[in-house]
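Following the hints, position chain B against chain A.
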Amino acid sequence: MSASAAPAAKRRVDAPLRPPWSEQGLLEVFRHRYILTLLVRREIAARYQGSVLGLLWSYVNPLTQFFIYYFVMGVLFGRAQRTEAFAIHVFCGLIIVHFFVETMNAGTRSIVRNKSLVQKMAVPREMFPVASMLVSLFHVVPQVVILLVATFISGWRPDPVGLLYGVLGLLISMTLGTALALMFSAANVFMRDISNAVNVLSNFIRFGVPMMYPYSLVNERFDGHTSLYLLNPITEAVLCFQRAFWVGATSDPGHTISNDLPPHLFFLTLRALLICLAVLVFAQSTFSRLERRIPERLL
Amino acid sequence: MRNGARKDNRSIVVRHVSKTFTLRYHRTLKQMTVAMLRQQELSDSFLAVDDVSFTVEQGESIGLMGLNGSGKSTLLKMINGIMRPDSGKVLTRGRTAGLIATGAGFHPQLTGRDNVYLNAAILGMSEAETRRKFDDIVEFADIGRFLDSPVGHYSSGMFARLGFAVAIHVDADIFLADEVLAVGDRPFKKKCLAKMQEIRDSGTTLFYVSHAAGSVRKMCDRVLVLEKGRLTFDGGVDEGIKFLHYDDDDSEENALESESEMDEEMGADI
Numbered sequence: 295m296s297a298s299a300a301p302a303a304k305r306r307v308d309a310p311l312r313p314p315w316s317e318q319g320l321l322e323v324f325r326h327r328y329i330l331t332l333l334v335r336r337e338i339a340a341r342y343q344g345s346v347l348g349l350l351w352s353y354v355n356p357l358t359q360f361f362i363y364y365f366v367m368g369v370l371f372g373r374a375q376r377t378e379a380f381a382i383h384v385f386c387g388l389i390i391v392h393f394f395v396e397t398m399n400a401g402t403r404s405i406v407r408n409k410s411l412v413q414k415m416a417v418p419r420e421m422f423p424v425a426s427m428l429v430s431l432f433h434v435v436p437q438v439v440i441l442l443v444a445t446f447i448s449g450w451r452p453d454p455v456g457l458l459y460g461v462l463g464l465l466i467s468m469t470l471g472t473a474l475a476l477m478f479s480a481a482n483v484f485m486r487d488i489s490n491a492v493n494v495l496s497n498f499i500r501f502g503v504p505m506m507y508p509y510s511l512v513n514e515r516f517d518g519h520t521s522l523y524l525l526n527p528i529t530e531a532v533l534c535f536q537r538a539f540w541v542g543a544t545s546d547p548g549h550t551i552s553n554d555l556p557p558h559l560f561f562l563t564l565r566a567l568l569i570c571l572a573v574l575v576f577a578q579s580t581f582s583r584l585e586r587r588i589p590e591r592l593l
Numbered sequence: 546m547r548n549g550a551r552k553d554n555r556s557i558v559v560r561h562v563s564k565t566f567t568l569r570y571h572r573t574l575k576q577m578t579v580a581m582l583r584q585q586e587l588s589d590s591f592l593a594v595d596d597v598s599f600t601v602e603q604g605e606s607i608g609l610m611g612l613n614g615s616g617k618s619t620l621l622k623m624i625n626g627i628m629r630p631d632s633g634k635v636l637t638r639g640r641t642a643g644l645i646a647t648g649a650g651f652h653p654q655l656t657g658r659d660n661v662y663l664n665a666a667i668l669g670m671s672e673a674e675t676r677r678k679f680d681d682i683v684e685f686a687d688i689g690r691f692l693d694s695p696v697g698h699y700s701s702g703m704f705a706r707l708g709f710a711v712a713i714h715v716d717a718d719i720f721l722a723d724e725v726l727a728v729g730d731r732p733f734k735k736k737c738l739a740k741m742q743e744i745r746d747s748g749t750t751l752f753y754v755s756h757a758a759g760s761v762r763k764m765c766d767r768v769l770v771l772e773k774g775r776l777t778f779d780g781g782v783d784e785g786i787k788f789l790h791y792d793d794d795d796s797e798e799n800a801l802e803s804e805s806e807m808d809e810e811m812g813a814d815i
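One line per chain: the protein sequences are A and B, in this order.
Quick note: the first sequence uses the numbering used here, first residue 295, plus one each step.
Quick note: the second sequence uses the numbering used here, first residue 546, plus one each step.
This is chain A alone, in the form it adopts within the complex (with noise of 0.2 Å):
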C-alpha cells in the first residue's frame, strides 16, 4: 500500500495520549468561549427569525406581564396606593423574575432540543444550559434600559452603593438559573417530567418572591417570621435590584431602606450568593454523573 511509503515526510503529532473526552465541567465551556458565542448568537438570530415584529417579541412578552400584574395588583388589589412608584417595584421584580424563569425553562429544555449536536459532537455538554442563560441575558439588557428611563423620570439618580446592589443581584439569578438549567437539562433527557415540573416551578417563583406586593407586608403578615422566606435567593436578587432602581425612584430612599427592605441586606445578598454557588457545585456533580449516559438516552 502507498501508505507506507515514506514515512520521513508523515505528520506527527507530540500531544499527550489523553481520554478523548473533558472532565473539566463548566470550566471546560470557558476554554470553548468561541462556540459559545457562536451558539448564542445562533439561538438570538435563530429564534424571532421569519416573525415580522422579530426582537420586539422579548419586549412584548414581560411588558404585558407587567401591564397584568400592575393592573390586578396595583389598581384592582389597591397596593399601587399603598406602595410607592408600584409600577418600579414591579418592574425591578420581572426582570430578575423574567430572566430567571427564561433561563430555567430554556435551559431545562436545551439538551434534548440541541440533541443533534449532543449525540454527534464532543463538545462539552455544559455549553447549552449555559448558552441558554446567555440568551435570556442578552434579552435582559434592553429591559434594564426601559427601567433606567422610566426611574430617572421617576427622580432616580445612580448611586455606587445601588448599583452594586444592581449587579449583585444579576449575579446571583446568573449562578442559580445556570445551576438548576445545568442540574435540570440533563434530568430532563432521562424523564421528560422535568421540564413539566420546572413549569410549576416557575409559578411558584413569580408568586415567591416580593414583586407583585413589597417585602414590608411579608415582614407584616408573618409577624417577622421572613427567615424561610429569605432563604430563597431569587428573593435576595429581587430586593438587591430594588435597592439598586426602586429605592432612590421613591420620596425618601433612607425611609424606604429601612422600612421595605430587610435588615442587613448585604449579609443576606452575600449568604444568597453563597447558597447559589453551593447549588452549583452540586449541579455540577449531579450534570457530570448523569452526561455519561446522556448520548444514548436521547431518542
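Hints are computed from structural coordinates only; laboratory data are not their basis.
In this text, all values refer to a predicted model and were calculated from it rather than measured experimentally.
According to the in silico footprint, chain A covers these stretches of chain B (three or more CB under 8 Å from chain A):
no., segment
1, 653-666
2, 743-751
Anything over 12 Å on all C-beta distances counts as not near chain B; from chain A, calculated:
no., residue
3, Phe432
4, Val494
5, Leu511
6, Gln578
Simulated coverage check for chain B against chain A, where a stretch passes if three residues somewhere in it have a Cβ under 8 Å from a Cβ of chain A:
no., segment
7, 620-626
8, 632-638
Beta carbons are placed, not taken as given, at the ideal position from N, Cα and C, and that holds for glycine.
The following block gives chain B in isolation, referenced to the frame of chain A:
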C-alpha cells in the same frame, strides 16, 4: 520535542473497552406499576461493545468492518469522545475530527455561511482557521450562490455537501469516517475520496468504517472486524475481507460491484 513523544508513536489506544446499552421497556409510571405487579423485568441490557482492545500507530489507516449492529459506530463514538465506555480505557493523541454525522448542528434558518462557521467551531476550528479555509470549503461544497440563503432551502445533496466540505477541511490528527459517501453525486464522491487519500497520505491516522471491500482495499492498510461487539479480526486488508466473506459472496454484493466499478471503488455505504 520531548523524548517520550518520539518513542511513543501510538495514536489511538483502546484497552478492554465495553459498552452496555439499556433497553427500556416501561417508561411511564403506569407501565412500570403494571410490569412490577406482573413481575416482569423492568429493563433489559445489551452489550454493544464487548472487551475490545487494539492500538493504532500514527499514520496508520484502519478499516473498521462488520455487519450492521456489530458495534462499529459505538466504538467510533467512544474514540471521538461522544460516549464513554462502561469499563476499559480509550486514549487518543491530538485532535480528532472526521466525517461523522456531517452537518450536525446546521440550523435550517441560518445561512450556509453562518452554519459553516458554527459547524467548523464545533469540529474544533478557531475563527481565524475557519476564515483561512472558508474559500476552500465553499469551493469544495460547490453550492454557488446558495451560500447566503438558509440551509433549510437546500436540497439534501447540497446540505450534505456543505457538511462534508466543512468536516473534511478540519486539520485533524485522527480522521474518523463513518457513513461516508452515502450521499452526493458521482463527481462529488470522487472528490471526497481523493481528499481522503490526500489526508491519509499526509500522515493523519485514518479510521474508516465501511461495508465496501473495494474502498477499504483502496484506503486502508489494516482491517479490524467487529462481530456482535467483539473484535474477531485484526490484521491485513485482504485477509480481513476474506475473513468477512465479503470477497467470495456471489450474492448481491458482487452483482452490485460488477454493475459499476466506480461504486465498487468508492463504496455506496448506506
